[in-house]
Amino acid sequence: MKTRVFVHIILLLSILCLPTIVCAQEKVCKPPNARNLTDYIEERICENLKGRVDQTDPTKQADAPAAAENSTSLVERSSAPDLLGFGLDFLNLSDSAAGDKKSATPKTLTFSAYALKSALSSQDPLDPEIYNKNRKWRSVSFTLGYEVPENTNTREPVIGIKWLAHNGRDLANKNNQDELANIQQALDDSAIGFSVIRGEVRLYLFDLLQKRDKLPDGITLTTLNEFNKHVVVDATKVESILSSLSADEVKNIDAIISKHISAFATLDTKTKNAVNAIRTRPQFALEFITKQRKGTRPDEYSGVLTFDKGMGTSSITLNGSFIFNNNRTGRDSRGGKFSAGFHLPLQAFKPLGYSDPLQLSLEADATGMTGMTPMYRAQAKLTVPIPKLPGMEIPISISVANRTEFVKEKEVKGKFGFTFDLSKTWKAFRDAFQRIE
Amino acid sequence: MSANKDAAPSSICKKTRRVLIGSVQVDEGQHLHYFVTVDGSKPIFSLACRHKKHFNAIDLGPPRKNYEVIWPRSSADDPSSDGEDYTFAMSFTGALKYTLRVELHDASHNRVGDGVIVDADYESDNPLALCNEAWVISI
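Chains A and B are the protein sequences, given in the same order.
For the first sequence, position 172 matches number 172 in my numbering, and the numbering has no gaps at all.
Whatever position you read off the second sequence (first residue = 1), add 1000 for my numbering.
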């Protein structure tokens, strides 16, 4: 019954998210506020370049490690948050409804060595120089927390360390410098092109207004210098001029822009190519994680190899783990686990942005341990960014397993949680604070 | 079935302009002092007139938060006396925010009068976003 309710919740959320997905496909060329001449030219250039393709690929994992029993992930991602991530898994629909048996909430905290170093040295962790200089510190992260076995209130510690051995997507990576230099070169040319366009459009409008019997509201025309200094940078005055233009006059401006559009088309293509190339580069991580269990349950130690690869707008993650269970009452067991996940962003991705996109993940794993029946699980997960709360997300998952670790029964389980990536929240709040100042 | 296969980004950044003077006269002995502040990992920006690039992020060395450029750096930088459009272009592939401040200084690096030509923030979390600010300079 609870599972059915949960599926309905997921469907409802998907429907609610649909307008956002549809909106993500629209190209937004027009700035929200009144435009001065520079803004108007940008808008017209943008309109000429419609059809650009966005790129996606969020890989930073802020939720509980997949090894945790109640995690909403089956698959471990290669990278951790740059500063600090916090994961809660709230709801486990397989719990008994009886109050005594309801599980406590599992919690994990993931933080990077870079976060520790920045905190101790009082440096701005988002300063480009510091950020790039400390790439090795950003590659190491730690996980501390506890998981809660089903239908208990027992808190069992989870401790882990992860090393992102190869991060092809780091902008500071030497392999990405050529791509970024291509953007810089194209930006230089577009800046020249923009100066040419703006100069021609500015003079065209001045000449046009000089020939008019009646000037638009709020416009007085004296010298070209006064026009440059006080009219073309004043959004109210420029809007007044724009609203007075005939269709042919707008076409004339577009004709000026199209004469020089090639520099912007090149910049557009080079930027897309660079972002596409960088976001699809592979990442490779090594992780050690242990679950220290209480009572007669065995302690678990696992080493995990993780591989992430972007594929167009999506990404695939593969995990291979060696697991050792230290059994207090019987024979130790050892074995392995293989996991795979396919991650499909449902909105445009903003890699340095405050929020990751709405994302659908399809995940599966297979575990084989000595003396135990193999366990297979499959899961669908929707990760929903919380609007207006940067860095905060709600992962919702539904999974099916042929058995659980300790019970040989088929199980269908629904969960939802909460994750928090401090670096994104910090950026958003800091920028908002600076705007207020 | 990627929902954003054909999606286009908001390619225009968010601009918060505190000061923008559309035209500046740089007299003998005066210069413009550019202050550029960046948040992110890899600044990509460029200043150009209609004829050439004057400086860009790569020219100014390794990525950092604060850049300062004194312009003109040589007589070759002089614009025409009639006034010429200058564009400061920014890419957001590796940056979240740029703050640009342009001041008119005398030979002793003191601000001339109000002397602030541009003081503005430009922000976008879209790696494909591009942004421009422009004004006219006369010598």
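If you are wondering where the hints come from, they were derived from the structure by calculation, not from laboratory data.
No experiment lies behind these values; they were computed from the predicted model shown.
Any given hint might turn out to be false.
[Said to hold, decoys possible] Pairs of lysine-lysine, DSSO-like flavour, derived with a Cα cap of 27 Å:
| no. | chain 1 | residue 1 | chain 2 | residue 2 |
| --- | --- | --- | --- | --- |
| 1 | A | Lys251 | B | Lys1065 |
| 2 | B | Lys1014 | B | Lys1065 |
| 3 | B | Lys1065 | A | Lys229 |
| 4 | A | Lys133 | A | Lys309 |
| 5 | B | Lys1053 | A | Lys117 |
| 6 | A | Lys174 | B | Lys1053 |
| 7 | A | Lys174 | B | Lys1014 |
| 8 | A | Lys229 | A | Lys214 |
| 9 | A | Lys30 | B | Lys1015 |
| 10 | B | Lys1053 | A | Lys136 |
| 11 | B | Lys1052 | A | Lys117 |
| 12 | B | Lys1052 | A | Lys259 |
| 13 | A | Lys229 | A | Lys251 |
| 14 | B | Lys1014 | A | Lys272 |
| 15 | A | Lys309 | A | Lys136 |
| 16 | A | Lys294 | A | Lys251 |
| 17 | A | Lys259 | A | Lys309 |
| 18 | B | Lys1014 | A | Lys214 |
| 19 | A | Lys229 | B | Lys1053 |
| 20 | A | Lys30 | A | Lys174 |
| 21 | B | Lys1052 | B | Lys1065 |
| 22 | A | Lys229 | A | Lys30 |
| 23 | A | Lys294 | A | Lys410 |
| 24 | B | Lys1052 | A | Lys133 |
| 25 | A | Lys211 | A | Lys174 |
| 26 | A | Lys174 | A | Lys309 |
| 27 | A | Lys211 | A | Lys229 |
| 28 | A | Lys136 | B | Lys1052 |
| 29 | B | Lys1053 | B | Lys1065 |
| 30 | A | Lys272 | A | Lys211 |
| 31 | A | Lys309 | A | Lys30 |
| 32 | A | Lys251 | A | Lys214 |
| 33 | A | Lys294 | A | Lys174 |
| 34 | A | Lys117 | B | Lys1014 |
| 35 | B | Lys1065 | A | Lys309 |
| 36 | A | Lys214 | B | Lys1052 |
| 37 | B | Lys1053 | A | Lys259 |
| 38 | B | Lys1053 | B | Lys1015 |
27 Å Cα cutoff - pair lysine 174 (chain A), lysine 1014 (chain B): Given pair lysine 174 (chain A), lysine 1014 (chain B) is violated - Cα atoms ~30 Å apart, limit 27 Å.
27 Å Cα cutoff - pair lysine 229 (chain A), lysine 251 (chain A): holds, 25 Å
Given pair status - lysine 1065 (chain B), lysine 1052 (chain B), alpha carbons within 27 Å: With Cα atoms ~25 Å apart, lysine 1052 (chain B) and lysine 1065 (chain B) stay inside 27 Å; holds.
Pair hint outcome, lysine 309 (chain A) versus lysine 30 (chain A) [Cα-Cα no greater than 27 Å]: violated, 35 Å
Hinted pair lysine 251 (chain A) and lysine 214 (chain A), Cα distance within 27 Å: holds, 21 Å
Straight-line alpha-carbon gap lysine 294 (chain A) to lysine 174 (chain A), limit 27 Å: Cα-Cα ~47 Å, so violated.
Proposed proximity, lysine 410 (chain A) with lysine 294 (chain A) (alpha carbon, max 27 Å): With Cα atoms ~25 Å apart, lysine 294 (chain A) and lysine 410 (chain A) stay inside 27 Å; holds.
27 Å limit on alpha-carbon distance, applied to hinted pair lysine 1014 (chain B) and lysine 272 (chain A): Status holds; Cα separation ~20 Å.
Agreement of lysine 136 (chain A) and lysine 1052 (chain B) with the hint, judged by alpha carbon distance not exceeding 27 Å: violated, 38 Å
Restraint check for lysine 1053 (chain B) with lysine 259 (chain A), where alpha carbons must lie at most 27 Å apart: holds, 20 Å
Hint consistency between lysine 1053 (chain B) and lysine 136 (chain A) [alpha-carbon to alpha-carbon, up to 27 Å]: Violated, because 35 Å separates the two Cα atoms, which is more than 27 Å.
Restraint check for lysine 229 (chain A) with lysine 1053 (chain B), where alpha carbons must lie at most 27 Å apart: holds, 23 Å
Hint compliance for this structure: hints 1, 3, 5, 7, 10, 11, 16, 17, 18, 20, 24, 25, 28, 30, 31, 33, 34, 35, 36 are broken, all remaining hints hold.
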